[in-house]
Amino acid sequence: MSQFEDRHLDFVLKHYQEGKFDTTEAIDRFNKAHGIMPKPRRRIIYFFSGVAAAVLLGVFLFHSASQNRWTELEAHAAVRTVVLPDGSDVTLAPGSSLRYRVRSPRIVEMTGKAFFDVARDESAPFEVHSESAFVRVLGTEFMVDAIRPEVTSVYVSEGKVLFATSKDQDGVMLTEGMEAVLEHGWTRPEILEEPDVNSIAWHRGTFVFEDTPLKEVLTCLSQYYNVSFVASDLDKRLSGEFSTEDLDLIISLIESALDVTIVK
Amino acid sequence: MEELFRYNYRPLCLFALHYIPDPDEVEDVVQECFTALWEKLEEGKAIANRRAYLYMTVRNRCLDRLRKKGIETESLKPYDTYGIIDDDDAQERSQTEARLWTAVDALPPKCRQALLLSKRDGLKYEEVAREMGISENTVRNQISKALKLLKEGAVKIYSFIIGLF
Numbered sequence: 001m002s003q004f005e006d007r008h009l010d011f012v013l014k015h016y017q018e019g020k021f022d023t024t025e026a027i028d029r030f031n032k033a034h035g036i037m038p039k040p041r042r043r044i045i046y047f048f049s050g051v052a053a054a055v056l057l058g059v060f061l062f063h064s065a066s067q068n069r070w071t072e073l074e075a076h077a078a079v080r081t082v083v084l085p086d087g088s089d090v091t092l093a094p095g096s097s098l099r100y101r102v103r104s105p106r107i108v109e110m111t112g113k114a115f116f117d118v119a120r121d122e123s124a125p126f127e128v129h130s131e132s133a134f135v136r137v138l139g140t141e142f143m144v145d146a147i148r149p150e151v152t153s154v155y156v157s158e159g160k161v162l163f164a165t166s167k168d169q170d171g172v173m174l175t176e177g178m179e180a181v182l183e184h185g186w187t188r189p190e191i192l193e194e195p196d197v198n199s200i201a202w203h204r205g206t207f208v209f210e211d212t213p214l215k216e217v218l219t220c221l222s223q224y225y226n227v228s229f230v231a232s233d234l235d236k237r238l239s240g241e242f243s244t245e246d247l248d249l250i251i252s253l254i255e256s257a258l259d260v261t262i263v264k
Numbered sequence: 001m002e003e004l005f006r007y008n009y010r011p012l013c014l015f016a017l018h019y020i021p022d023p024d025e026v027e028d029v030v031q032e033c034f035t036a037l038w039e040k041l042e043e044g045k046a047i048a049n050r051r052a053y054l055y056m057t058v059r060n061r062c063l064d065r066l067r068k069k070g071i072e073t074e075s076l077k078p079y080d081t082y083g084i085i086d087d088d089d090a091q092e093r094s095q096t097e098a099r100l101w102t103a104v105d106a107l108p109p110k111c112r113q114a115l116l117l118s119k120r121d122g123l124k125y126e127e128v129a130r131e132m133g134i135s136e137n138t139v140r141n142q143i144s145k146a147l148k149l150l151k152e153g154a155v156k157i158y159s160f161i162i163g164l165f
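Protein chains in written order, with this note's numbering: chain A, 1 to 264; chain B, 1 to 165.
Be a bit skeptical, because a hint or two may be false.
Reference listing, derived: stretches of chain B covered by chain A, where coverage requires no fewer than 3 residues with Cβ under 8 Å from a Cβ of chain A [claimed, not checked]:
#1 32 to 46
#2 55 to 67
#3 122 to 135
Some residues of chain B that are not near chain A, with every Cβ distance over 10 Å (derived) [said to hold, decoys possible]:
#4 Arg-6
#5 Lys-145
#6 Lys-148
Derived pair list, reagent style BS3-like, types lysine-lysine, alpha-carbon separation capped at 27 Å [what the hints assert, rightly or not]:
#7 Lys-69/B - Lys-14/A
#8 Lys-119/B - Lys-145/B
#9 Lys-14/A - Lys-110/B
#10 Lys-110/B - Lys-69/B
#11 Lys-20/A - Lys-124/B
Worth flagging that the hints you see were computed from the coordinates, not collected in a lab.
Every residue, glycine too, gets a C-beta built ideally from N, C-alpha and C.
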């Protein structure tokens with residue numbers, strides 16, 4: 001992304017007023033005006049740092065007039081959100097891909113990790129196929145993680161989905177907040193007793209911790225950022241919501257909140 | 001809809017601010033435009049590029065408002081280079097400015113105050129110092145710290161490109 005120019009900064013400073021252009025307030029105002037109930041799921045607190053997610057992504061779009069051809073989408077270095085022809089939103093994690101046939105855009109194949117916000121259409125179920133798993137939905141939000149070939153996991157943040165193996169369509173029903181995994185060789189997925197709310201942190205843009213031991217917090221962060229930590233007191237417990245944008249900021253917030261020292 | 005808001009609300013406000021230099025009025029205009037889009041979609045109209053649609057309606061409504069106030073849209077130069085830069089440039093500029101606005105939001109309060117007193121309100125360092133009850137040297141430091149943070153912030157904060165379809 002290019003550096004800003006002084007004229008941009010001058011313009012912003014000239015008009016800047018604290019608290020204006022608050023996106024969350026604007027959404028509330030819009031929802032109230034149109035009688036839309038806010039969605040029950042947690043929302044990103046630091047949205048604009050959350051937006052700050054990614055730019056240089058290679059996107060390949062092979063389009064063809066032939067209805068049988070595939071449309072393919074890929075996210076390379078960064079998270080990427082796309083809108084499918086039926087209005088469903090898909091957020092692809094880096095290194096993930098998705099494809100669908102032009103004639104049936106609600107049947108998609110994917111690799112890697114993707115978060116789906118499916119547009120409701122009772123007459124046409126939405127299907128996601130990965131190498132070993134199969135998910136069918138009517139209208140909902142969920143994530144499929146098929147990064148590792150031997151384990152596929154599905155996390156549902158809203159609605160209801162059927163999660164099964166690619167061979168046998170008798171699977172498990174998942175609803176809001178539920179997560180299930182499917183390991184290679186299993187005949188059906190298994191529902192996790194303690195779903196991990198942070199499995200969709202990359203999509204939501206925040207980590208959520210509720211009275212979580214510091215040890216688990218650091219495990220979660222180290223998986224996400226691929227770094228390891230040493231901390232002075234692992235037994236303290238943390239509650240809060242943190243933007244995924246800036247690891248150093250999270251660390252310093254935790255340090256001051258819990259009065260501990262954390263070393264990367 | 002919420003997603004559209006999240007990605008475009010602030011850039012659209014900054015875009016509109018080039019036409020109408022009043023943040024409150026600008027927020028009204030942008031709300032109206034989201035409503036207009038929402039109503040179109042509710043009617044079942046297909047809008048391929050929703051973001052482009054929003055930018056277009058924001059601009060048209062801003063110009064309408066200015067015309068109603070009897071302002072010649074040709075004389076908009078102080079706030080906008082209307083007619084000179086193309087739509088893509090305008091969108092990119094708005095996004096850059098939205099990121100800067102966000103970066104200013106995120107500045108430490110003292111830094112921000114010193115920066116705004118100086119650059120927005122046009123006070124001299126000496127006057128800023130008196131206003132804030134700190135030394136002129138501290139003012140100088142706060143402002144250069146603020147500018148440094150903004151530069152870092154603008155590099156660090158980048159944004160999604162969405163809606164290529």
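Outcome of the hint check:
1. 32 to 46: holds (count 3)
2. 55 to 67: Our answer is that it is violated, as 0 residues pass the Cβ test (under 8 Å) against chain A, missing three.
3. 122 to 135: violated (count 0)
4. Arg-6: 6 Å, violated
5. Lys-145: 15 Å, holds
6. Lys-148: 12 Å, holds
7. Lys-69/B - Lys-14/A: 23 Å, holds
8. Lys-119/B - Lys-145/B: 14 Å, holds
9. Lys-14/A - Lys-110/B: With a Cα-Cα distance of about 18 Å, the restraint between Lys-14/A and Lys-110/B holds, given a limit of 27 Å.
10. Lys-110/B - Lys-69/B: 38 Å, violated
11. Lys-20/A - Lys-124/B: 26 Å, holds
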